[in-house]
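*Asks:* Here is what each chain is made of, one letter per residue.
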Amino acid sequence: MAARTTTASVPGLVKDLVDQFSDPLAFYRELIQNSIDAGSNRIDVVLEYDEKTGVARFSVEDDGEGMDERIIDDYFLVLFRSTKEDDLTKIGKFGVGLVSVFSLRPELVRVHTAKAGESWRLDFPSFRRYDKYRVAAMREGTLVEIFKKLEPAAYARLAQDSLKTVRFWCRYSETRITFQDRRAGGEPVMVNEPFDLPGGASLRHSEEGTELVLGFSAEPKPLFGFYNKGLTLKEGFHPHFAGVSFRIKSRYLEHTITRDNVLEDDNYRKAMDIVARLVEEKLPPLLRQEMKDAAGRIAGRAASGEAPDPALSAAWEARAPFLKTLFSGRFARWKRSDWRLFPSVTGRALSLSELEDALSESDGVLYAAATADRVASALADRGFPVLVPGPWMNELGGSWLGGVSVREASSSFMQPGLLPEAKLDAALRALLKTLSTLDAASGAKYRGIAAADFDYAGSCIADRLFVTQAEPGALSAVDEPVASSLFSLWRSRRHAVLNAGHPFVRSLSKVHADMPGLAAFMLLKSLHLHDGPVPVGKAGKYSNLAEKAEGRLLSAALKLDRGPR
Amino acid sequence: MKAGRLKPVAGAELESLASVASRLILAGRLGRVFPDPYLCSDYLRALAPSFHGGAHAGVEVDLGSGLPGMQHLVDVWADCRSAPDFIREMEHRLGLGRSLPPGSAARLSYYRRLVALDLKPLTRVAVALRRVDREAASAFFEVVFDRFDPAEQVFVRHTLMLEQAESGRRGALIDLAGDYSRQTSELRDKLEKFAGDDSEIAFLLMGRLPGVRVEEVVRARIGPLWSEAAPAPEGWREGGCVLHLPVDRASTSLREDRDDDPFSGIYRHFLSEVSRSIVEEEARRLGYRVHKDRKFACEATVADGLRRKLAEAGTRNLIYTV
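Residue numbers (the working numbering), protein chains in the order written: chain R, 1 to 565; chain H, 1001 to 1322.
One or more hints might be untrue.
Okay, the calculated bits of chain R under chain H, using three or more residues with CB under 8 Å as the criterion [what the hints assert, rightly or not]:
hint, stretch
1, 31-44
2, 58-65
3, 127-138
20 Å max Cα-Cα, derived SDA-like pairs, lysine to any residue [stated by the list, open to error]:
hint, chain 1, residue 1, chain 2, residue 2
4, R, Lys270, H, Arg1131
5, R, Lys510, R, Tyr456
6, R, Lys148, R, Lys270
7, H, Lys1120, H, Arg1134
8, R, Lys423, R, Tyr456
9, R, Lys270, R, Gln289
10, R, Lys282, R, Asp338
11, R, Lys270, H, Lys1120
12, H, Lys1120, R, Arg42
13, H, Lys1309, H, Tyr1320
14, R, Lys270, H, Val1132
15, R, Lys149, R, Arg183
16, H, Lys1120, R, Glu211
17, R, Lys525, R, Ser555
18, R, Lys324, R, Leu223
19, R, Lys270, H, Leu1176
20, H, Lys1120, R, Val55
21, R, Lys292, R, Pro391
22, R, Lys270, H, Asp1133
23, R, Lys270, H, Arg1276
24, R, Lys282, R, Arg340
25, R, Lys270, H, Ala1177
26, H, Lys1120, R, Thr210
27, R, Lys270, H, Gly1178
To be clear, the hints were calculated from the coordinates, so they are not data collected in a lab.
These numbers were taken from a predicted model, which means no experiment stands behind them.
C-beta: ideal position from N, C-alpha, C; glycine also.
Sequences are here, hints too, so could you generate the full structure?
*Replies:* See the structure below:
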């Protein structure tokens, strides 16, 4: 049987303060905070709905220390008075938590609590008054019940919102929290989640009163979260540290009294100093390791011809903004230029200094190749920088390497695979022979004429009929400055390399069987027409040379087809 | 209740004991003054044959505490330490397509379950700075000392609220640098020495240390456990399992002594008149009073009988049932 001991108006519980809790479910956070501060190991949030009366019951029960009459009278019922002021092991400081339960405009708030052999019940019909009862039945901890008349649909909405609210504020709580909507049925669900970052943290740190998880982020405004004992104080997106997302639980952090922000006082600065220290001291070596691993794996896949793994590129990209901050500034690259972070097609990652050395070989051009194909491998063998394409190319092409030009290796260079005579079919072999004979007869415009495979992996010349090269089958630039062969002097002559797989070559090989002169004439004429541009201002001369060369070529071809007369 | 003889328990009996003990711990609504109930429960669960799959033989239950002897809990912790290496090695073998050595499959499953429990050592000292009083040149700390008591063979947590002046001096319990506190070997020594008995004794002894003012000492225990393996003493025997959850608190925040523990009295009340007056004087000087309490978690079948006995003993105690 409960004995009423006091009926009183609650001094100082003012409407303004009730109204400051704009979210009517903010009481969950306040009550759970009180429960954690009371030394609870478990907190149960339970919702019930009486279909007959239409009254909903929202309750928060803990197994904490509870309250005796002294604490109830001197602290619990007194606004702005807390037993926890300045205590770094407690979250609450202001002594306004109780008021929050009235923001739901309840019919009744009932608090059951006990400590030191005393059990108490407090009934609050409104925030203006309470009745206090000494209760005979023993109990432990504190149970707060909030009763409110609601339509069933409104209850259902509030129940859903309740779980969302409790999850948002309390999911990283160090105290176990369960939630149960008894009307919906089912077992209580655990609200707690591991303290982590989306995609996983790169660094976990704990020291007295503070626990941190930090990770790298590609977002211009990375995620941050401030918590005390795991209760959410503020979460959002802001570049506190470029390229770094973090969550921090700290004894130093607390809410403003309006609960919509973190109090930015000296203690806040202590917490942020811890984050800054870790960002400065611990993250760079981790970044180096993680980017090196990613770059190594990307390079390994490229070297072995495997398809790129987007997750690896994404992992690299997420770390790029932080790397950018490390590489920016006058002395920032000191001791960092040897970090092997850039995946090359050779299977290993290269450092900035290695890239700088390689760029001096490649005339300042950085090449990109998805796999270690013929051209990419040949370029790398020459000491040129050939990287797997990815987000690093933009960064390198920007300020990191001083504005280098980036080109695709396979479209910048070619390396047709010369086919040895033995591998050529008889028709083509015969055509080549006739071509050489006819070329010699018409002025020997080419040093030699060979057939090659143009259709190698990554080839940019697969559709071309022929190319001319200084050395047949060698690696050569696709855009070599070459003049028309009609202007070539003896020493500057080039080799003509025919695409053995080209349909025109195949068809002329067949024609060659009956009319070798015609077949060779047609092919050589094509070569002459397309083997290089006419130098500026020499169109007239070109016309004369072409007429002469064509005449000789035609004469030799006809001679061949008609036979000697 | 002191540690007593040992009784071997294995097989189905151990399975049942481990299961009921861990359930009773979780049913006891243990706040943070108690040893971590989830941790203690997990340690006991790990001793069940169904958990370790035969990795261990049975256990010896201490007849005084009704709980498995300390060496078995130490074994669990040792397994926990070696589990990651073992798992790595076996997974490497499996990855290479090699078969596991005989008996290793069961151990691998056991170790995986063990790692999932994320156990922590049972003996731990944690110091947290509560606040610093710059004017008085003193700092307030909370010290939590966990262990499995080797004498009583029960889980124990001591929570101390201390104020310490001039932390830089020689012999300080806690070194404070900025906001960071570091426990000294002196603190560990004192805890080991003073934490073997009632909170009041620890309060008195700590209170005599120079530069230290004690605000509160709480000792909370999980155990003893009455069960078939270690039955209740004569006069309390009801059958079924009963877990004791005693708390004793010496604190400057208490206004009077109170004893609701039917199995233990307030230290001062057992002293001779001469000694008692000396200790009473000391208690007044230090400004503390003592509360002793004991709650129980038991099987529902024995709750009524236990309630009756407690009423006869004249104490008010909470009983939780499973």
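*Asks:* Any of the earlier hints contradicted here, and which numbers?
*Replies:* Hints 3, 5, 6, 7, 9, 11, 20, 23 contradicted; others consistent.
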